[in-house]
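*Asks:* Here's the letter readout for the chains.
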Amino acid sequence: QGTVQGQAIDENGEALIGATILLVGSSRGTATDFDGNYVLENVPAGEQQLRASYTGYGDLTKTITVRDGETVTLDFQLGEDAEVLEEVVVIGYGSVRKEDATGVVAKIDDKNFNRGAIVSPEQLLTGKVAGVQIAPGDGSPGGGSAIRIRGGTSINASNEPLFVIDGMPIDNEGFAGGRNPLNFLNPSDIESFTVLKDASATAIYGSRGANGVIIITTKKGQSGSRPRVNYDGYYTVNEIRGEPAMLDADNFRDVVTFFAPSRLNSLGGNNTNWFDEMLRQAQGQNHSLSVSGGGQDFGYRISAGYQQLEGIIRGSETERASFSLNYNHRFFDDKLKINTNLRGARTRDVFDPGIGAAWDFDPTQPVLDPDNEAFGGFFSYGNSLAPRNPVSAAEQRIDEGQSFRTIGNMEIEYSLGDLIDGLSVKTNLGFDVNQGDRNTFEPTTYTNTQVANFNGLVKIENYTRTNYLFDAYLNYDKSLNDRNNLKLTLGYSYQDFYEQYPLFEGQNLSTDQFGINGPAQAEDVFPANSVFENRLISFWGRAIYNFDERYVLTATLRRDGSTRFGPESRWGLFPSAAVAWRVLQEDWAGSLNNIFSDLKLRVSYGITGNQEIGDYRYLPQYAFSDQRARYQIGTDADGNPIFINTARPNAYDPGLQWEETASLNVGLEFGFANGRINGALEYYTQNTNQLLFEVNVPAGTNLSDRVLTNIGELQNQGVELTLNANLLKTSDMSWDLTGNIAYNRNEVLGLSNIAGDAGILRGGIAGGVGNNVQILRVGHAVDAFYVYEHILNDDGTPVSDEDDLMMYVDQNGDGQINELDRRIFQNPAPDILYGLTSNFQFKGFDLAMTIRGAVGNYVYNNNASNRGYYQRVQGVNIGNDQFFLNNVHESVLETQFVAPQYFSDYYVEDASFMRLDNVTLGYTLLPKRGISSLRFYVTGQNLLVFTKYSGLDPEVGVGGIDNAPFPRPMGFIFGASLGL
Amino acid sequence: CTDLDVQPRNDLTPDVFFSDDAAYERFLTRIYAGLAVTGQQGPAGNADIKSLDEGFSSYLRQYWQLQELPTDEAIIAWNDDGLPDLVTQGWSSTNQFVRAMYYRVFFQVSLANEFLRESTPEKLDARGVSKEVVDQMVTYRAEARFMRALSYWHGIDFFGDIPFYTEDQVIGSTAPTQFSRREVFNFIVNELNEIESDMLEAGTAPYGRADKGALWMLQAKLYLNGEVYTGGETYWNEAVEACNKIIESGAYTLMDEYHHNFLADNDRSTEIIWSVNFDGDATQTFGGTTYLVHAAIGGAMNAEDYGVNNGWGGLRTLPSLVDRFPDETGNIDERAIFFTEGQTKAVEAINEFTNGYTVPKYQNVTSEGVAGSDPTFADTDYPMFRFGEVHLTYAEAVLRGASNGDLGTAVAYINALRQRAYNNDAGNISEADLNLDFILDERSRELYWEGVRRTDLIRFGQFTENGVWAWKGNVQEGRTTSPHLNLYPIPAEELLANDNLEQNQGY
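Line by line, the protein sequences give chains E and S. In terms of this note's numbering, the first sequence has 130 at position 130, counting the first letter as 1, and numbering is strictly consecutive. In terms of this note's numbering, the second sequence has 1336 at position 336, counting the first letter as 1, and numbering is strictly consecutive.
The shape of chain E in the complex, shown without the other chains (with noise of 0.2 Å):
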């Protein structure tokens, strides 16, 4: 035996650092260091073969003759594999080279995802799209998020794009179990996600194209690569920015003193901050472990996880323990292709109370209050109307819930090429099962048990979900002559949604021992059960023509039948088509070569539509009441009253329909300076028709006042750039600088029959039932806010006075003020998007840091209009002469307002931000013996917000409305990754 070594290099010289080498045959194999370094021992003597491979790189494989103990050197320059570096992106169902595809297709890999406590696979992607908006929903750990691809085209069915995971698309719709359905994934198994944002990538989804679709890919094995064991670990600590803008005790007492001197004796002796009883320093932790490596035929990579996190609110924690596992392998000279994957995680989520009460409580009155043992020794009202004990809440309910997800799939390739040249089937066959519970206890001392007189209550959720799905389709690939290419693909999809969702509920418990295990302690039990189903059956096929690599011309035709629409209107059909035209193969293109390093013109129409609504909308049923909604119709024998379970007529619309969305797009694409510029640059319009929409039917037509039908039109228009700058590369340094920046506009085309001024009220919000603050109207924007127009006094602060007519405008001059004084004063979308991210290399260290921000998004401070008035300190009387106070929002200092004025335009502010999401800086240490890479980092998260808004952060989801969220949090990682 002897001993290999020598140095992998690229075509400038430059060292190739992790390039691996392989002694073909065997599965023995090294990684070059960080001078490009390799020593392969004990080789066999003899003739061998090595091959080196290295990403973005061509194979190379060397013969070379060992002899026993002794040393050779074989040193390998590698080409950039042109085939490598025309990047592939994945597209539905199948591939294409990026110069071929003639839709918006955006990949963003794992070198360019967001760092830090990421527990949500879509958090990688925040502000790295053009036109892509990822709102978080609140700041609780590993909590749901909003996402928009080119902004909302539904109203009342979904507006969320279709995740697709390894071609198995998935239900992520929300559940009890958890913040959020896609933690299952553990964000370090993802190797790049794909957003397809027009219509003729999506079309190919049909009736779930319509809000964009998300392809994740995960990361598998490679054959031929030697194994890899990667380990990347980092604790965190989070913490709140800022602090909401409630009065303190003092400034408590003193505002009584002024406005209800009389409630003075209701106020306690204490200087409580409610927001420090509940606000803590939060820490959590995250380890992956991988292994990866493959053979001749075959790759593998296992992986498994484990992330643990609490929430800056008392008791609010989220834990994740995940494993997954691909194989692929390649039979009978590559003519069979398996690919499996299988992944499960365990999720578990401790749910907060939310620290709503905390900005309403009382600060003067104590946390404890050990003679109350009614209430378990906490300070309670004892009220239904008073707000609870935010820290009796955190302490003494318990509410978690798990889940146990597991998803798997099999693709077969199998290649007919014997038969017809270029034709191969293949077939995906996949699974996703999500089971889990959640479980409620709260005891007989807890305030709201006790104030609603149920003493106590248990309450276990379970959930079963499970989705099938069988595809299976035809690829036909042939270059029919020098200059035409044609791919050809025809497929059918079987997939079944079936969800369950049984509920057990106990009031009055005998005693609080057994916790959430107590059911059979119930005195009263409701129990409930839920089950749905729905089916989609889908023809597909898919013409790619590629002439001369001038015009590559894209054809998709999808005919969907859905379950949740009637047997008339069940089956519709989504076609779309595109051209592209790549400028610079042109034969005339010559001098534009000199400026451009690519070139490419893309037009693309196409019909998706969305069927996210309910299911059986379209069926006449009877649902029956509940044991709480009986009716007493006679009595018994013995006088006792005889309860009937009703049984009401649903209101449906036999003739339901999907939404369908037409979208246009216009694209240019273009790199300079030999492709160390270049971008994209978009324009878009997507008009949705047959708008799913509850809507106000006559009285008399239907069985109640609103029904979901098909009516109205709604419009979203935009433009998007997207620009990727090498700025520097040389051998000890980089720095790479992607931007984009994305406009959009909505606005609602049509509703059902109402035109001109009026319109819909939407945007409830907190204080008052039935106060809304925003308008679907005709002309305008989708949920635009609809306020008072507030008169300012000269210092610009609102006017406060008992009389509505001096604060606000009289629109139409009637000498009162009412709702036909408000008027439309903008929307809570952002008119631009944008993104920043930079990534700069100096020899072992990198820093990469992600800016991002939104302009024209409004949000409508709910959280000061709902308690910015003098009248809370006036207190709510709860019975023999005793009141409870509220405490005011600070917003009241400049306001003075002594009622609520709900409707003001004042609470309508200006959120546009720039937030600097992370910020990491790591250190790569030199590789020794053994190991491969080891690096160090630490990333700060959401650390600075430049915004005019005055809440505590001014994304406040998609609705626009902010009220009391769970607060988001700033704060560090740090963290270690190893490979071997």
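Because the hints were derived from the structure by calculation, they are not lab data. Check the hints yourself; a few may be wrong.
Claimed, not checked - Label pairs and their in silico Cβ distance ranges:
1) Q1503(S) <-> R263(E): 42 to 50 Å
2) G813(E) <-> Q1503(S): 16 to 24 Å
3) P527(E) <-> D1125(S): 35 to 43 Å
4) D1305(S) <-> G344(E): 52 to 60 Å
As the list claims (entries may be wrong) - Not everything, but these chain E residues come out facing chain S in the computed CB check (under 8 Å):
5) L619
6) F624
7) S625
8) D626
9) R628
10) I633
11) R648
12) G700
13) L728
14) N771
15) L792
16) N793
All residues carry an ideal CB built from backbone N, CA and C; glycine is no exception.
With chain E held as given, fit chain S onto it using these hints.
*Replies:* Just chain S, lined up with the frame of chain E:
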């Protein structure tokens, strides 16, 4: 495989539902329950009406609020959008409470129509329903028509000219047209005459279902206001005839204790002709008597005294009602049920609960002082029709010119109520005392907070142009208002949805 035949499992399709003979009773009961519950989950959930908060969508709660809050009998403290406007008569076509009432009325009509479509002899025959159920169906169908007539009556009383449709209007068809108030009135009159013989005898219906007694009472109330609904024609004789049928049936007597009609065991009342039923365990809702009991508790009141766990601090009354009684303690006239401790009589601020006496007329304790089955949801049934009102209706119709009654009997009927109230004959009146002003006041003393006041004030011409009480017209001293407020507006949503409708004048 293209099998897309997936059937629901939580709810039943009509084929499955009607395969059980019990379906018809479940369905009919739902029409009755439509006055009490807000959806198929108690106390809230699976709502019937969707264009507003479910807790606000209760038929009875909105019926009560629309009949009482704009009058001289009640005031409410809460700031919910549009609620203060009910108190001050400042509502518009976007008022959510007006909207709730409107859609509730037509929800009931649509339910009844669907029942009539699904219970035809042909359908029963095709489904092979048992003979027992077929025999019952005559009465069931009459009751469904009665319930439809009741809601149509509420519809014309509140809204005037309204969309009109019957079981011939199938689901998903074109929008109904607007019928005049008079046309719908005539329809109700005919309906009630047609179904009378099919209804169960007075006093024999299972508790909660309507029988001939309820039908006659509806006729009496309809005829008493016939002049308002038809724009001039009077029906005093018909009103007296209906009252006589109720009285002569012998099925009802006045309770000895006035207050027992409004307590948790009022299902034992001999005076209640027809009630909307509630139960703390089985019929939970945030409307109905749960609302009436809780909302009237606050200030120095101890909620437990009224059989509930807390007060909602909303409803009080105005001095105008208090002053109608000889004294506010109830010592002279026991119908004066006021809580005054810590409360001012005058109402300086609408939203200050301690302004205005509170009225614990509805309570969740029994006549024996035992709390109801649940401290949140009341057991107390709502007396929709009460025999006491028959006495007053008879007297008024006679006074207004009925030829088939006499003043002597009228005075005797009034005195029967007053003797019960005074527990002696000190309050008795003579024929000379009996005039329309007295009737209006006596109706208030007897029937305050029972959801009749607005209709009464309109009949007596006192609701808008005449009549002044605190906060009417949004000033504390009160002022007269525009007569267009005698009708509520058709909700803006409905006008947009149905091109056939014209808004009431003045809105």
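*Asks:* So, for every hint listed, does it hold in this structure?
*Replies:* How the hints compare with the structure:
{"no.": "1", "hint": "Q1503(S) <-> R263(E): 42 to 50 Å", "in the structure": "holds (45 Å)"}
{"no.": "2", "hint": "G813(E) <-> Q1503(S): 16 to 24 Å", "in the structure": "holds (21 Å)"}
{"no.": "3", "hint": "P527(E) <-> D1125(S): 35 to 43 Å", "in the structure": "holds (37 Å)"}
{"no.": "4", "hint": "D1305(S) <-> G344(E): 52 to 60 Å", "in the structure": "holds (58 Å)"}
{"no.": "5", "hint": "L619", "in the structure": "holds (6 Å)"}
{"no.": "6", "hint": "F624", "in the structure": "holds (7 Å)"}
{"no.": "7", "hint": "S625", "in the structure": "holds (5 Å)"}
{"no.": "8", "hint": "D626", "in the structure": "holds (5 Å)"}
{"no.": "9", "hint": "R628", "in the structure": "holds (3 Å)"}
{"no.": "10", "hint": "I633", "in the structure": "holds (5 Å)"}
{"no.": "11", "hint": "R648", "in the structure": "holds (5 Å)"}
{"no.": "12", "hint": "G700", "in the structure": "holds (4 Å)"}
{"no.": "13", "hint": "L728", "in the structure": "violated (57 Å)"}
{"no.": "14", "hint": "N771", "in the structure": "holds (4 Å)"}
{"no.": "15", "hint": "L792", "in the structure": "violated (24 Å)"}
{"no.": "16", "hint": "N793", "in the structure": "violated (25 Å)"}
In this structure, the hints that do not hold are numbers 13, 15, 16, in rising order.
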